[in-house]
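Number of protein chains: 4
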Amino acid sequence: MLSMKNNRSGSEKGESETRESRGIPDDPKKRAKYQAIIEAALEAFSEYGYHDCPVSRIARKANVADGTIYLYFANKEEVLISVFQEKINLMISEIEKQTRDCDNAWKKIEKLVRFHITVLGDNPVMANFFQIQLRQSSEKIRRGIASPLRGFYRLIESFVVEGQEEEIIDPRINPNIARKVIFGSIDEVVSCWVRSRRRYDVKERIDDTLYILGRALLVDGVRA
Amino acid sequence: MLSMKNNRSGSEKGESETRESRGIPDDPKKRAKYQAIIEAALEAFSEYGYHDCPVSRIARKANVADGTIYLYFANKEEVLISVFQEKINLMISEIEKQTRDCDNAWKKIEKLVRFHITVLGDNPVMANFFQIQLRQSSEKIRRGIASPLRGFYRLIESFVVEGQEEEIIDPRINPNIARKVIFGSIDEVVSCWVRSRRRYDVKERIDDTLYILGRALLVDGVRA
Amino acid sequence: MLSMKNNRSGSEKGESETRESRGIPDDPKKRAKYQAIIEAALEAFSEYGYHDCPVSRIARKANVADGTIYLYFANKEEVLISVFQEKINLMISEIEKQTRDCDNAWKKIEKLVRFHITVLGDNPVMANFFQIQLRQSSEKIRRGIASPLRGFYRLIESFVVEGQEEEIIDPRINPNIARKVIFGSIDEVVSCWVRSRRRYDVKERIDDTLYILGRALLVDGVRA
Amino acid sequence: MLSMKNNRSGSEKGESETRESRGIPDDPKKRAKYQAIIEAALEAFSEYGYHDCPVSRIARKANVADGTIYLYFANKEEVLISVFQEKINLMISEIEKQTRDCDNAWKKIEKLVRFHITVLGDNPVMANFFQIQLRQSSEKIRRGIASPLRGFYRLIESFVVEGQEEEIIDPRINPNIARKVIFGSIDEVVSCWVRSRRRYDVKERIDDTLYILGRALLVDGVRA
DNA sequence: TATGAATGAGCCTTCATTCAT
DNA sequence: TATGAATGAAGGCTCATTCAT
Numbered sequence: 001m002l003s004m005k006n007n008r009s010g011s012e013k014g015e016s017e018t019r020e021s022r023g024i025p026d027d028p029k030k031r032a033k034y035q036a037i038i039e040a041a042l043e044a045f046s047e048y049g050y051h052d053c054p055v056s057r058i059a060r061k062a063n064v065a066d067g068t069i070y071l072y073f074a075n076k077e078e079v080l081i082s083v084f085q086e087k088i089n090l091m092i093s094e095i096e097k098q099t100r101d102c103d104n105a106w107k108k109i110e111k112l113v114r115f116h117i118t119v120l121g122d123n124p125v126m127a128n129f130f131q132i133q134l135r136q137s138s139e140k141i142r143r144g145i146a147s148p149l150r151g152f153y154r155l156i157e158s159f160v161v162e163g164q165e166e167e168i169i170d171p172r173i174n175p176n177i178a179r180k181v182i183f184g185s186i187d188e189v190v191s192c193w194v195r196s197r198r199r200y201d202v203k204e205r206i207d208d209t210l211y212i213l214g215r216a217l218l219v220d221g222v223r224a
Numbered sequence: 001m002l003s004m005k006n007n008r009s010g011s012e013k014g015e016s017e018t019r020e021s022r023g024i025p026d027d028p029k030k031r032a033k034y035q036a037i038i039e040a041a042l043e044a045f046s047e048y049g050y051h052d053c054p055v056s057r058i059a060r061k062a063n064v065a066d067g068t069i070y071l072y073f074a075n076k077e078e079v080l081i082s083v084f085q086e087k088i089n090l091m092i093s094e095i096e097k098q099t100r101d102c103d104n105a106w107k108k109i110e111k112l113v114r115f116h117i118t119v120l121g122d123n124p125v126m127a128n129f130f131q132i133q134l135r136q137s138s139e140k141i142r143r144g145i146a147s148p149l150r151g152f153y154r155l156i157e158s159f160v161v162e163g164q165e166e167e168i169i170d171p172r173i174n175p176n177i178a179r180k181v182i183f184g185s186i187d188e189v190v191s192c193w194v195r196s197r198r199r200y201d202v203k204e205r206i207d208d209t210l211y212i213l214g215r216a217l218l219v220d221g222v223r224a
Numbered sequence: 001m002l003s004m005k006n007n008r009s010g011s012e013k014g015e016s017e018t019r020e021s022r023g024i025p026d027d028p029k030k031r032a033k034y035q036a037i038i039e040a041a042l043e044a045f046s047e048y049g050y051h052d053c054p055v056s057r058i059a060r061k062a063n064v065a066d067g068t069i070y071l072y073f074a075n076k077e078e079v080l081i082s083v084f085q086e087k088i089n090l091m092i093s094e095i096e097k098q099t100r101d102c103d104n105a106w107k108k109i110e111k112l113v114r115f116h117i118t119v120l121g122d123n124p125v126m127a128n129f130f131q132i133q134l135r136q137s138s139e140k141i142r143r144g145i146a147s148p149l150r151g152f153y154r155l156i157e158s159f160v161v162e163g164q165e166e167e168i169i170d171p172r173i174n175p176n177i178a179r180k181v182i183f184g185s186i187d188e189v190v191s192c193w194v195r196s197r198r199r200y201d202v203k204e205r206i207d208d209t210l211y212i213l214g215r216a217l218l219v220d221g222v223r224a
Numbered sequence: 001m002l003s004m005k006n007n008r009s010g011s012e013k014g015e016s017e018t019r020e021s022r023g024i025p026d027d028p029k030k031r032a033k034y035q036a037i038i039e040a041a042l043e044a045f046s047e048y049g050y051h052d053c054p055v056s057r058i059a060r061k062a063n064v065a066d067g068t069i070y071l072y073f074a075n076k077e078e079v080l081i082s083v084f085q086e087k088i089n090l091m092i093s094e095i096e097k098q099t100r101d102c103d104n105a106w107k108k109i110e111k112l113v114r115f116h117i118t119v120l121g122d123n124p125v126m127a128n129f130f131q132i133q134l135r136q137s138s139e140k141i142r143r144g145i146a147s148p149l150r151g152f153y154r155l156i157e158s159f160v161v162e163g164q165e166e167e168i169i170d171p172r173i174n175p176n177i178a179r180k181v182i183f184g185s186i187d188e189v190v191s192c193w194v195r196s197r198r199r200y201d202v203k204e205r206i207d208d209t210l211y212i213l214g215r216a217l218l219v220d221g222v223r224a
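The listed protein sequences derive, respectively, from chains Y, F, L and W.
Under this note's numbering, the residue at position 60 of the first sequence is numbered 60, and the numbers go up by one with no gaps.
Under this note's numbering, the residue at position 65 of the second sequence is numbered 65, and the numbers go up by one with no gaps.
Under this note's numbering, the residue at position 199 of the third sequence is numbered 199, and the numbers go up by one with no gaps.
Under this note's numbering, the residue at position 143 of the fourth sequence is numbered 143, and the numbers go up by one with no gaps.
Check each hint, because a few of them may be wrong.
[What the hints assert, rightly or not] In silico DSS-like pairs for lysine-lysine, Cα to Cα no more than 30 angstroms straight-line:
1. Lys140(Y) with Lys30(F)
2. Lys76(F) with Lys76(L)
3. Lys76(L) with Lys61(L)
4. Lys33(L) with Lys61(Y)
5. Lys107(W) with Lys30(W)
6. Lys140(F) with Lys203(Y)
7. Lys33(F) with Lys61(W)
8. Lys76(W) with Lys140(L)
9. Lys30(L) with Lys61(Y)
10. Lys107(F) with Lys30(F)
11. Lys111(L) with Lys87(L)
12. Lys107(Y) with Lys87(Y)
13. Lys140(F) with Lys76(Y)
14. Lys76(F) with Lys76(Y)
15. Lys33(F) with Lys107(F)
16. Lys76(F) with Lys61(W)
17. Lys87(Y) with Lys29(F)
18. Lys140(L) with Lys76(F)
19. Lys61(Y) with Lys29(L)
20. Lys29(F) with Lys61(W)
21. Lys107(W) with Lys140(W)
22. Lys107(W) with Lys33(W)
Hints listed in this document are in silico derivations from the structure and should not be mistaken for laboratory results.
I would like the entire structure built from these sequences, with the hints used as guidance.
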């Protein structure tokens, strides 16, 4: 099983407390403020764009002082990274929970695709954050995002491998590439929808997407 | 055939000389300087990241004064957009040329995928630009990029439709979604490679990618 | 009586905290810094001229960082406007105070003229500011200055009307034009002196000016 | 008589040709271009404001290249000064002509006031230029304007002295101050009208202004 | 722990002026 | 003489971050 759940430290190398990450507070009062900042940042970034969103705007939204942000996060980049960590980890746990009792690996992939698109489709703020704000050119941000994203990647890939073990997914498929096709497809579907200013309902695209992904992965006998 | 080739004007409405786009110079001397700035910007953005790359750095690289940039582009955002226009249009023309005498639509898709990954795989600077720098959160940039990108999208989609007419691609596939799967897959494959700091050779991933895309699209009889 | 005294808010519409004016701070510590900037700006503008005086020079003179200016004023134009507001309102209050127990309206006008020329005559920095720096071609500045200036205009005009009610000023005189003659005369007297680089003492011109203004306004019986 | 007419050199000290002024061209073709620039500048300054009017805008309006401006004027400041010189000298000549056969000095003053306000009142572009654009804080501009302005001042003052010689103007009046009262009054009347965005007709204010000025200057017996 | 005033580095952009053609 | 592309200095302003309270 994926042991991602609480591995939310800023970097995988365990630079415990210094610059890169101040960690997630244990004290419930602090934890609440930490969460408030995360949620405020999510909204603020989506609303104004990462680079056009001053830290003061996050603070204002979170009902804290500007300086308070820096008691919880090392800097603005860390805030963005932490928002992503929080959200992607929630997503991963939820998908793990929901796929736990699926009959087979393809059902899990189906669930994952459906869940991911549905969540973002129902949540414009998060969709904007994931598809637009996250893609910053800053090296530090990219590195900070890499690790939690890997958790999501591994989840998908594990489903593919599982499917191959169950002999419902073509064994000649490279699972790593399959993961990229799956993730890339979802990502593109959602990105286009966000860029279209959400003029249609993405959820209506789920079945067509799954149809193609099913063709791509499943051995002939299994395809409906 | 797609008539995208030389449609590189800044805006779709053809406002010859407004703020948003100063157009591409006809005078060959100016054209050369325009190109020099484009190339310098491509490099500079890739090297430092769009937001961490002052206009002065582009100017320096292009061997022109800071102010000169503004004789050719309305502002920094326009530079980024123009670099993309220039490059994506080159790519489109080249793909159109190379696919002109393919036997069937699938060969064209194969060519496109292979070409796209190869070009970026051989060109780290451009890869970084396409996969990282281009994804800015600025609304204006996103809009500026949308139109030339659409040309690329249309090209892919036209191949899918062609394949369906040739009855080698599953008619039940939604071509628009197929395009997203194809583009999303390429994009993810290249992005991961760039993010890995190009620690391997992407071109080695082409066949595996095409294998999955072939499964995804082709009717059973055609698949090798 | 004119209720101008403390009406120093940035805009007439009472928009408490908008861009255009950050208001005058209540907190005494901030108020002190606000005043320091005002005084520094007055000096700096007079010394270098509005357009040739970078904000950084004001900051330096006020012993604050450049950015601090923008915590107190929305932009450079607002600084100029605020300096004027501050100074003209002081002037108005002082004149109101000093004219309160004058025997008649003409004495008030006399006082006003004498006071105005004396203050500027004794204060080259302020004179330069009022006569030179204030007259900027920027529309926004002109509008910002208009409202506090109107307070000064009204004061003069009220004296003229009063004089007519007292039957010492010719009733056939248009008080609005009389105000313009009075103000225009003072203004020209001081301006010429400033432009002469203060090569003489303006205060010596007061009596001659008042002699002419007395002739202009007073009914024959009253003139000395 | 005033010998101002063609004394339009940049400075009174006769620094013939070097920096400060390139003089007015004799060659009629050049003279035409010189005039075209003057007129274009007058318009452009009025329209955009001196500081917000790039030299290129003047060039455009004058149908010449930017660089051409510098063949006729040493710099932008010189352009402003020259516009003023041209216009004020025209004004002076015209007033001299029109007052040549006035019965007495007061009629001349009347004519001058009426003429000045009428010309500006009928010519918003020139009014804006004289009342707003001209008042720049730049030391160099102020000095450049001083000399031609002095011609206008002298004209007014000469009328006052004449009036005193004719014994229609109070001999106890200081002619220099009288000139300031006259000029200051006109200036204020026109300035207020310009600042009001010309919402009324200034010419309607002429009589009221003259009434007050007549009271101010004329000996009792002469006043109507 | 929380505040928010203060900092000051840094960047985009403008535009007067020059000069090769 | 005329052009207009090129220059590059300069400045207003923002905002991430700090630190005294």
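* Violations among the numbered hints -> Of the numbered hints, 1, 5, 10, 15, 17, 21 and 22 do not hold.
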